[in-house]
Every structure is written in C-alpha cells, then in structure tokens.
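*Asks:* One-letter residues, chain by chain:
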Amino acid sequence: MKKIAFISLGILSFFGALGLIEVYLRVGEIEPPLWTTIDSTVGIVNIPNRPILYLSESYYLGATNTFGYFGAARSRGKRPGTYRFVLLGNSFVSGINVDEKYYFGRLMETALEEHWKKPVEVLNFGFGRFDLSDIYCYYKKVVNGFDYDCAVFFVDTSDFAESYYKNMGPYCVVKPDSIAIVDDYKYGGKYRLYDNTRFITQNSSLFRLVFKCEGLIATQETGHIILDKLYWKNPADKRMAGTEKGFNETTKMILRQLAKDPRNIIVYKYGVPSDIDRFIRSTGISVYSLEPCLNALQQEGIDPYFWKATKTRGHWNHAAHKAIGMYLAGQLSSRFGDDILQPAVRK
Amino acid sequence: MPFRQLRVFMLFNSFVFFIFLGIVVPVYCVLPKKWRMIHLLISSYLFYGYWDWRFCLLLAFSTLIDFFIGIYLYKADGPKLRKILVSISLFCNLGVLGFFKYFNFFADSMSVMCNRFNIHLDFLHVNVLLPVGVSFYTFQALSYTISVYRKDIKPVRSLIDFSVFIAFFPQLVAGPMERIGHLLPQLQKRALPTQGQVIHAATFICTGLFRKVMIGDTAGRIVDHLFAQPKYYSSPELLMGLLLFSVQIYMDFSGYSFIAKGTAKFFGVDLMDNFAQPYFSPNITEFWRRWHISLSTWMRDFIYISLGGNRKGNFRANVNLWVTMLLAGLWHGAQWKFVFWGALHAIYITVHRMMLTGKKKPERYPLRSLKNRSTHWLKVMGTFMLVLIAWLLFRVENLDSLVLFVNKMAVWEGSPYTLRIVMICAVFIGITLFFDWVDKNRRRIFDAVPPYMRVGICVAMFCATFAYMFSSTPMPFVYFQF
Chain A
1 MKKIAFISLG ILSFFGALGL IEVYLRVGEI EPPLWTTIDS TVGIVNIPNR
51 PILYLSESYY LGATNTFGYF GAARSRGKRP GTYRFVLLGN SFVSGINVDE
101 KYYFGRLMET ALEEHWKKPV EVLNFGFGRF DLSDIYCYYK KVVNGFDYDC
151 AVFFVDTSDF AESYYKNMGP YCVVKPDSIA IVDDYKYGGK YRLYDNTRFI
201 TQNSSLFRLV FKCEGLIATQ ETGHIILDKL YWKNPADKRM AGTEKGFNET
251 TKMILRQLAK DPRNIIVYKY GVPSDIDRFI RSTGISVYSL EPCLNALQQE
301 GIDPYFWKAT KTRGHWNHAA HKAIGMYLAG QLSSRFGDDI LQPAVRK
Chain B
1 MPFRQLRVFM LFNSFVFFIF LGIVVPVYCV LPKKWRMIHL LISSYLFYGY
51 WDWRFCLLLA FSTLIDFFIG IYLYKADGPK LRKILVSISL FCNLGVLGFF
101 KYFNFFADSM SVMCNRFNIH LDFLHVNVLL PVGVSFYTFQ ALSYTISVYR
151 KDIKPVRSLI DFSVFIAFFP QLVAGPMERI GHLLPQLQKR ALPTQGQVIH
201 AATFICTGLF RKVMIGDTAG RIVDHLFAQP KYYSSPELLM GLLLFSVQIY
251 MDFSGYSFIA KGTAKFFGVD LMDNFAQPYF SPNITEFWRR WHISLSTWMR
301 DFIYISLGGN RKGNFRANVN LWVTMLLAGL WHGAQWKFVF WGALHAIYIT
351 VHRMMLTGKK KPERYPLRSL KNRSTHWLKV MGTFMLVLIA WLLFRVENLD
401 SLVLFVNKMA VWEGSPYTLR IVMICAVFIG ITLFFDWVDK NRRRIFDAVP
451 PYMRVGICVA MFCATFAYMF SSTPMPFVYF QF
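Chains as they are written, first to last, in our numbering: chain A, 1 to 347; chain B, 1 to 482.
Some clues are possibly wrong.
If we take Cβ atoms under 7 angstroms as the criterion, some of the chain A residues that face chain B in the derived model are [claimed, not checked]: (1) 4; (2) 6; (3) 30; (4) 32; (5) 52; (6) 61; (7) 207; (8) 208; (9) 214; (10) 306; (11) 318; (12) 319.
Beyond 12 angstroms from chain B on every Cβ pair, some chain A residues (computed) [to be verified]: (13) 131; (14) 143; (15) 149; (16) 156; (17) 174; (18) 228; (19) 249; (20) 262; (21) 268; (22) 281.
The hints are simulated quantities; they were obtained by calculation from the structure and are not laboratory data. Remember, it's a predicted structure, so these values are computed and weren't measured experimentally. Where a beta carbon is used, it is the ideal one built from N, C-alpha and C, also for glycine.
Looking at chain B on its own, in the form it has when it is part of the complex:
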C-alpha cells in the first residue's frame, strides 16, 4: 500500500481543517467584538499560508492594490483619472492572474506555432506554481474595484475589513465569489452565530462533506483512472467515466460550496448559493443560471453587460455572448480544451436563443398538465445530454484521448460487466438527484423532520464520511486548480 501523501492545502475534507475550525470558531466567539475581524484576518491568512506562506504576499498585494485604488477612485473627479486608476487595478490583478495562470499557456501556444517556422521559443516556458484560488480572489477583488468605478458602491475605509472581505477563508480558495455589498456588511456586524445558524452550519457541513467525500471523490477515483488511459477500458466503462465525471464535478464543487456556506455561518455570515439543481435545467440558458452562479453572474455583470449586453442588437448580443463564454472557458484553466468547452456552450446558447426568437413567453406553471410535464422532463434530459457532451471536452486529457473516446463510442466494445456498470451509474446519478431534491426542498424537509431525527441522520453521515476520509487519501477539490 503506498504511503499517504501529504496534503498540500488545508482541504475542507481533511481532519486538519476540522481541528483548525475547532480552534478558530470558539476563539472568535470568546473574543471581544473589536478583535473579531483581526482574528478572522489572521485565521484566513493562516489557512491560506498552510500551503505556502509566500503566496500570502500575493494575496496581500492584490488586497492592498484594490483597497487603495478603491479609495482614490472615489476621490478622483475626472473620468480620465478614474479610467487610469481602474486600468491599474485591472493590470495588476489580471497581471498576477495572467502570469501565474496563463503565461505558459500563451508562451507554449506561441512556441508551438513558431516551431513550424523553425523558430524556437521554448525558453519562454517558466516553471511557476499556480497559487490556489487565485482566479477566485482576483475576480472578487476586481468586482469591488469595478463597482466603485461604476459608482455602484462606496469604497471600504477599513483596510482590515477589506482584507477580510478578500481573504475570508470559507470562500477564499474556491468561492462562491461574493460581492462586497453582500458579504462585507455581514462581516462588519462581527455577530456571533445564532442557534439556528449553528444548526444550519452543522447540517451544511455534514451534507457538503458527504457530497464531496462520499459521492464526488468516490466517483472521481474511478473517473481519474478511466480518463488517464482510456485505451485500456471498454466502451461501457468509458461511458460510465463520463457520467461519473458529471456527478463528480457537480458534487465536488457543490459539496465545497456547502461546506463553505456552513463554515461561514459559524461567523454569522450567510454566503450566496452557488448552485440551484443545475442538472434539472430544461434548457442550456437555464443551466447557466443554476451552475456556478457566482461565476456566471460575475461574467454577466462585468463582461457581458460591460460589452453592451443585449442593448446593441441581436448580432452584437451574440458576439458578446461568445466573448463571455470563451473567457468563462479560459477562466477554468489555461488549456485549449477549456476554450473549446466554452465555445461549445456558446454554440448551445446561441442556438437556444435562435430557437426562442419569435416564440411566445413560456407558461408560468408549465408542469400542471401531464403533457407539459413529460415535455419538461424530456427537455431536462436533452439539456443534460448536451452538458454531458461538453463535459467530455472539459475532462479529456488531450486530443488523442478525445478521438479514442469517440471511437470507442462509435465502435462499441462491450464489457462482461455491463450490468454492474449500469448499476454503478444508476446509484451515482440517483444519489445526486436525491441530494438535489433534498436541497431544493430543504426548508420544507428541515421543518418536517424532527430535530432528533436530523441529528441521528447527520451523525451517521459524519461517521461514515470520517471513516472514509480516514481510510483513503483525500482528493483535492476539482475547482482548486482553477
């Protein structure tokens, strides 16, 4: 048995995080109100610095730039000066992101192109580590500066408050990307959690951990093998790999968001919902309203609308949509496959928009009649199929693997264990849908289920999850790499 590898980050699915939380929360509660923000700031930097303390400097740099630019933006009168200031913020933030995340991507792409003309640019490749969560906190900081520039909000006057807004550890490394207007006022209250919040926090952490560890990771362990060397596996196994990846990426990220939400509740903070049962979407536009909501709303508000949104005619709206989706793809990683994934979604949404042109508004209660209900579920399945095809682009490791995968789907190569494979897929998809159903009706279920019963269920989930965490090497969150 190989030795357990040391974890690089303080993962939410590690025991060390729970020890950290077990210290930070009680200290927060016993400290006088005026010290709570400083405590949160120190804890957040400790959380981030657990990986590598040097990257705390990067976080501090991003924070300081946006804090001071925010203040100067508010003071500045002339539009020219304001533009210069916001450009500095954009340059610094995107510069950091560009250097750490995209420099090698562009350098390597250029090098490949130039190699054809016998020009060698291999020296351009730099060996740098991608700081975890850099895309998240950079975008969160940018949203602040742009909002101040647009005069939507006033700048924050306290450096500590602003630093906590950027570095608040429950949502630092993988979101949800909060807006200052939503997060900061809650942080500034420095409130103790209410009894209700503590109960909700425990429930969110418990379900989030179960989603991540028992569903996302267990699916991910199979997916990783199948996609690493697809040539060794049969067609049903590869199809299972794709289906399980759709489960993995959703349960992994939504699990993280749940734990983040639960953790934040211990500090009296309600984070935004990042998912709203996306696989139940009846069309692709709706899917994007429900998937990674904090990113899609960010993209909508700061890219799509900044480019003109729908205001300049159909053609321009589609161009804006394509730019937004390609950038959303690129945000996920510095690889062409993510750009193609974004492009495929842009195609889907463009086609969906064209289909909607001239059609009357959908009914308000579409699920009343049986016919409408069956049409609705057919649409849900169709949308899921489209999303699944896009996930293939997202997950394959290279073009050869993609071709191999498609070939194995076209020329079916059976497996003696097809029935077991179908069963495994059914279980994973079934439990994902069940958790989504519970999430959708959580308020109703929360009221209907007696407290002792909730405790019993949560303790059972915690025990099983902790046993699994103890016995297997933890998997980092998929979105950490973004």
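Chain A extracted, bound-state conformation:
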C-alpha cells in the first residue's frame, strides 16, 4: 500500500513538473503553441491574433492579425481609391524571418504609395510549406473572400511538385476543362483525431515539441540525430527525392486557371527551367522574375539567402527583402502606371 502511494506520488510529481515546464515554455515563448489550425473546409489556416516568436535562420517576434494573416489587419472589403495587392506563396512570401517593417511587401507598399500618391495595401497571404496546389486552394477558399486589384503568385520549380510535408487539407483534382478542389480529408480518421484533441494539441507547448519530434521521425532523421556523425546514411537523399516529381497535369491546369483572371500575375522567386517558363507564358498570364534582382545583389557581394546569426542559408534575408520590395515596386508601378488612375480591371 505504501509503495502504491509512493509510486502515485512519483507519477503526480512527473505530471506536476511537466505542467510547470509547459508554463515555462509557453509564458517564456520558448516553444509557443502552434499558430496554425486545420479548418474543416479550408485546411491549414493561421489562428487570428496569435502571438508568434519564431526562430529559424532568424528571429521574429510578432503576431497574426484579426483575419489570421501577417501584417496590419485589413478587412475583406477595401476603401474606395485604394489599390490592393495580395501576395501568395510559401514561407518566402509569408516572410516571418524579418520584422514587419523590413518585409518586402511592406516596403513595396510604401514605395508604391510614394510613387502613385494614393493609398496602396499589400496583404500577405504567404504560408509556410505551401506548394502550388496548396496556394491555389488557399487562394480559392480564403483570398477570394477579400477584395483586391492584383494577386501576385510567387512560385519556383519546387512549388510545382507536391510538397514533401503534406498537411491535412484540400487538394486539386483535374477535370476535363477545369480543376476541382476536394476536401474529403475532413472525413478521415486523422482529421477526426485532430479535431477531438484540437484544444490540447493547439494550445500546448509540450505537444508542439512532441509534434516536432514526430515530424523529424517521419522524415527519417532519427538515426542522424541520435548517432550524429556516426550515422552512415545521408538524410538529404530521401528529402530531395520528394521535390522532384515534376511539372504534372494538375500544375498545368492550375496555371491555366490562374491565367483566366487578368488580375493575377506570377513572380518567379528564382528562375525556372525554360520549358516550364514557355508553358507559363503561353497561358497568357503576366510573368515577372526576381532573378535579375537577386543576381544584382549577389554581384554586390550580398548573399540574399545568408543569415549572419546562424551562419546558414535559408529564406530571403533583410537585404533581399529590401531589394525585392523595391524591385517589385518598380516593376508593378510601370505595369499599372496608367491603369492605376482608373478602376482596375475587374473579374
């Protein structure tokens, strides 16, 4: 009996200590709970007004806004006379590697406002780990609910292949002349389990830690992490294989669909192979490339992907954001220079 009491005390202490660690991780924002959730129709979305302290190649202290995207909260409808851009893409576009005031979208907004002398709004709908199919679903289900004048899709070769990290969410299916978005994930057991445990998994720092570990185990990095340089396999081989599936029919159809709306434009985050570029241009959509801008930076001796603190290459750094913001402002101001004074081309 005494032994059972002691063991119970041990178990209670274990959970008590875990509770204190949870408080420490959460209040100290060491491992803040996830700022995303999985919606039953939209798939993965940001939780509105969620504080974020994100450490990757850089440090970011911020929060999602009332509508769940990053940056100043702008409502769905826009004020008359305001020109509004929406930016879509993956983590490069969401830009939570730099503070809002250094974000290329914000710099672009300021530059365009100065150029046009009229209010401009740039809304950041970038989302980490999104491929083109995810971007398209998000665009259809979330971004289309906002009033805008121009949607800028940032893509590169890796976005045309299916993302290696596939989330629970809607996906695209090719129909003879169109594309359908299927959201049958909500009937799956995985989603049901998620939905039932949502409160705890979404609000617990310790659970986030566990999910991170699970993610690493899923990508088969365990041996590498545990055995370090004694491990004999290179984990890079497997991971790279996932992004080389190619430019398939779904991708082509998505691009054709995007081209139907004259408000949409494509920006290459970097150059794409010439055959893909030819196809994209053949759809009639306007295309810009950041390649000249990033090349110019590199020629100045600035690596747009290098982060000083971690000494690693990753997303665009502060210098790159500044250059891209200015470059895009220049490109877009010349494109919309005349149209901007009249109402934009409508759907």
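Based on the hints, put chain B in the right spot on chain A.
*Replies:* Just chain B now, with coordinates in the frame of chain A:
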C-alpha cells in the same frame, strides 16, 4: 527547414554523448580495479578524438611535457635548474596556447598597426583551428608544474594516472580546472560509485541538462540573432538580448559544470563547484568569488599571488589586480573586447577596494534586520547591473554594434510587443534565480523531497529536455570557444 548540421564535438547535450556514457560507465564498473585507469584514459581520448583525432596528439604532448618536467623538478636541486625546467613547461604550454589561440590576434593587431605606415604584414595570419578546451587543460597542466616547482606537492609517478588527471573527459573541454591534490587522489582510488553518488549523478546531469538545453540554449537562440544584426531590432528587444545573454552564459556554463560534476560522480569522483549563485553577489569582489571559481582561484593563486598579491602595498596590489584581470579577459578569447571586459571588471574591483578602505568589517549576519536586508538586495541589483554592462562588452561582435546598441538605448525605439518582451525576460530571469535558489538549498531540498517525487520531477525534466534536444539543432557550449 535546413538540415541538421553535424556536431563537431561530442557535446554533453547530444545523444551520442549519452550513448558514450552508457557504454563507458558500465564497462568501468565491471572492469577489474587495475584496468579502470587505462579504461578512463582510453575513453577520455576517444571523447576528445571524436572531434579530430589529431588534437589528441596535442593533448598527449602537453601531458608528457608536464609529467616529465614534474619528475625532473622534484629531483633537481639547484634553483637555477628548477627555474629552467619550469620555464620549459611554461614555454611549451603557453607556446601551444599562444600559437593556437593568440598568434592571429597579435599578428592581426600588428598588421593593422603597420598598415598605417604602409607596411603590409597580412601574410602573418595563419589559418589554424582552435583546439577545443586547450585553455582549460593547459592551465590545469600548468597548475601542476607550478605547484611542484613551489614544492606544494610531490610529482605524480604514474604516467597513466597523470594522463587521466589531464584528460579526464567530464572536465576536459570546459573545466572545472581541477588541482591535482583534489582530483588525482579520487581518481587513484578507482572506486565504484556509491548508491548516493549515482543518485546525485543522475540529479546533477538532469538539472545540468535542463539548465543548458532548456534555459541556456533557448535564451542563446534569441541572443545570437539580436546581437548578430542589432540594427534590425528595437530597443526593448536589444535590452532583452543583453538580459538573456546574462542568463545564457550563466546557465550554459553552470549547466555544463553540473553535467561534468554528475558524470564524474559515476566514476566516484567529486569535482569542485564552479559557481555559487554569482548573480546573488552583493558586490563585484564577491561576484568573482562565485563566478567560474576554478578560473578565478587559478588566476588568484598562480598570477595575482605570484606577482606579489597584497603584500607590497596598495598601489602594487592594484597593479597586480589589473594584470590578473586583463589576463583573465584575454583568457576568454583572442579579441580586444575580452581585454576591455577584463579591464572594466578591474575598474569595478579597484573602485570597490577604494570604497572599502577605512571601513569597518561587515556584519557577520547582515540579513537580520529589514533595513540591512533591503540594502543587501539593492547591492545585489547594483552588482548585477554592473555585471550586465560588462556582459555587453563581452557579447557585442564589434565596435559598430556596441555603438549601435548604446545609441538604441539612449534614443529609445519602442516595440509594439514590449509587454511580451518584459514577460519573456521575467520568465528567464525568474527560472534562473529559482534554479540558483534550489542549488543553494539543494541539500535541504534533497532531504525534504521524497525519493519518488525526485524521480518523477527528474524524469519529467529529462523527457522535456530530450524532446527539445531531438527537435532542435544543439548549440555548443559558450565556453568551448575559450
């Protein structure tokens, strides 16, 4: 997500170290007594060689020089010969340290000076890797030779015993710098750990790992970003960076010392305490008695006292103090910022000494009355502020960053997240002070908390720490670079 980088060293906060420990400790326990020292020696060299086996040669060189000089010193009669012998040891040890750690510092400084006169000495710069822990084991070896020279101790007769003293892996790469009189007799017992030692070992490793990984590293990840490019961050963020650095450097190093202490206990060895709640010091002199104790006592015994200490009047004592503090600064790294950091601490201590002159001795129980207690805590906060200012010099990457930092403090540039920043700082400082309080009262707490409860708490800490270790790239210990 970037790929995890391969770890260069066998870090205490890596899984591979725990696998290594999981093999070395049981083997040590099952081996016959006479083989245990050899086992420890091989394990220590494997531990060091995991990084780069060639640096084991350097470690062996340092060991052999001091071993043989120790024996000859004991045999030598004439003071002249003894001086020559100790000079050889100093030359070899400091030569190794000087070449690997300071050669480029002096060469570059000279090159910058000569460039003004159009003389180019850039060719003097040599691309060499700094062997990890070289400052620690060199100083440990030197302490032995100097002690034999001073006839404080007798030389060690067994090369294996001496080699283990220098290379004992729990304290090889970042101390504590042990004295031979304390460490070697314990090693020579080749004892198995007692049950109490095993329990203490697990507790020390658990708390040390938590200190290092969950407090030191988590603070460090923020600090690194803020100090790498301060121009992009607001004043509250930079201030948070400085406060978190004070947490990082302490928890990182004390965490390492705890793990070292815990690991050594598995071999029946009690290492010295390297920290004694330094941020609770009511004055700067006291701070140095509590911070990195093994280095400060080394500096006191082998530099300050060798120069004459307090014996030759006030002025000379201050000169000795300055020399000691500047060298202590330089020991931390071959950069001018460390020298300035040492100089700033020398200023603090000199001023503190001047303030003490003519004052009567402090009360024995200063915390009895409320007035004394509040004065004491004010002093503690004042000392912490001084230490914090010095940490700024220690951490900034260059003069431009320092100027930028000071400017941002002078011309306050707010942040929309100031309240969150304050909260983050409060949590980190709060947990640091809590762990210090636990450490100070560890014996009392250890007795008061039932064993099952201790196990429950330790397992929870281990689980959380291992999960964090698994999910994030490990950060090397700050003091490894020294």
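*Asks:* All hints, please: hold or fail.
*Replies:* Consistency of the hints with the structure:
1. 4: At about 11 angstroms, which exceeds the 7 angstroms cut-off, the nearest Cβ of chain B leaves the hint on residue 4 of chain A violated.
2. 6: holds, 4 angstroms
3. 30: holds, 5 angstroms
4. 32: Not OK, violated: residue 32 of chain A not within 7 angstroms of chain B, min 10 angstroms.
5. 52: violated, 10 angstroms
6. 61: holds, 5 angstroms
7. 207: Check failed: Cβ of residue 207 of chain A comes no nearer than 10 angstroms to chain B, outside 7 angstroms.
8. 208: Interface hint status for residue 208 of chain A: violated (9 angstroms vs cutoff 7 angstroms).
9. 214: violated, 9 angstroms
10. 306: violated, 11 angstroms
11. 318: holds, 6 angstroms
12. 319: Hint on residue 319 of chain A: violated, closest Cβ of chain B at ~10 angstroms, above 7 angstroms.
13. 131: holds, 15 angstroms
14. 143: holds, 25 angstroms
15. 149: Holds, because the least Cβ-Cβ distance between residue 149 of chain A and chain B comes to about 28 angstroms, which exceeds 12 angstroms.
16. 156: holds, 17 angstroms
17. 174: Holds, since 30 angstroms exceeds 12 angstroms.
18. 228: violated, 5 angstroms
19. 249: holds, 29 angstroms
20. 262: At roughly 36 angstroms from the nearest Cβ of chain B, residue 262 of chain A sits farther out than 12 angstroms, so the non-interface label holds.
21. 268: Non-interface label on residue 268 of chain A holds, nearest chain B Cβ at 22 angstroms vs cutoff 12 angstroms.
22. 281: holds, 32 angstroms
Checked against the numbered hints above, the structure violates hints 1, 4, 5, 7, 8, 9, 10, 12, 18; every other hint is satisfied.
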